[in-house]
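Peer 1: Residue numbers (the working numbering): 37 to 196.
It should be emphasised that the hints constitute simulated quantities derived from the structure, not laboratory data.
This one's a predicted model, so the numbers in the text were calculated from it and none came from an experiment.
Mixed in with the good hints there might be a few duds.
Stated by the list, open to error - Distance ranges between label pairs, derived from CB positions:
hint	residue 1	residue 2	range
1	Pro147	Thr180	41 to 49 Å
2	His188	Leu91	20 to 28 Å
3	Val48	Leu139	19 to 27 Å
4	Trp149	Val40	21 to 29 Å
5	Asp78	Gly122	32 to 40 Å
6	Gly45	Arg76	46 to 54 Å
Ideal Cβ positions, reconstructed from N, Cα and C, are used throughout, including at glycine.
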Amino acid sequence: MAPVLFRIGTAVVDTYTVIWALALALALAWTRRRAGRLYRLDDEDARVALFWGFLGILAGARLGNILVDWQAYAENPERLLRPWEGGLSALPAILGGGIAAWLVLRKRKVPAWPLAEAASLPAAALVALGRWGCYLNGCCYGRTAFVPWAVHFPFDPEGV
Numbered sequence: 037m038a039p040v041l042f043r044i045g046t047a048v049v050d051t052y053t054v055i056w057a058l059a060l061a062l063a064l065a066w067t068r069r070r071a072g073r074l075y076r077l078d079d080e081d082a083r084v085a086l087f088w089g090f091l092g093i094l095a096g097a098r099l100g101n102i103l104v105d106w107q108a109y110a111e112n113p114e115r116l117l118r119p120w121e122g123g124l125s126a127l128p129a130i131l132g133g134g135i136a137a138w139l140v141l142r143k144r145k146v147p148a149w150p151l152a153e154a155a156s157l158p159a160a161a162l163v164a165l166g167r168w169g170c171y172l173n174g175c176c177y178g179r180t181a182f183v184p185w186a187v188h189f190p191f192d193p194e195g196v
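Take the sequences, apply the hints, and build the full model.
Peer 2: Listed below in structure tokens is the structure:
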């Protein structure tokens, strides 16, 4: 595991954050390109929908974590004001991004399916690349395995 990519003074740059950010940037750029070339979606419509979709991804990811870990937030509500302390959830992120982009395209009277199809392959690549960030961070592990190719997660042994 390599949860810390590098440090700048006292600031820590997480491998997880960098990989997910790069994967998201690549997926958004790739989707925009596919939307125009393959599905003839107007670039301005794609750009605006992807911008709001990005904000929806962030909101959905955070809201999903709050719903999953509601008890911890109820005990310490000030955590709601500290999003940098982590807490994201992948499936609500996808849902949030999709809903936000759909609402924008609906308001602009543009069909959403071309953008959804353009985003399908980049979204799959985003998740695949992002999971490498999870792996290097030592989170999102599965169940205990006793096979030679199993990976040892040295962090949080009580949680495994």
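Peer 1: Now, for every hint given, state plainly whether the structure supports it.
Peer 2: Tested hints:
Look at Pro147 against Thr180: about 47 Å separates their beta carbons, and that is inside 41 to 49 Å. A hinted range of 20 to 28 Å for the beta carbons of His188 and Leu91 is inconsistent with their spacing of about 38 Å. With their beta carbons about 36 Å apart, Val48 and Leu139 fall outside the hinted range of 19 to 27 Å. Range check, Trp149 to Val40: Cβ separation about 42 Å, and the 21 to 29 Å hint is violated.
As the Cβ distance of Asp78 to Gly122 is approximately 37 Å, the hint placing it in 32 to 40 Å holds. One distance hint, 46 to 54 Å for the beta-carbon pair Gly45 and Arg76, holds here, with the actual separation near 48 Å.
The structure shown violates the earlier hints numbered 2, 3, 4.
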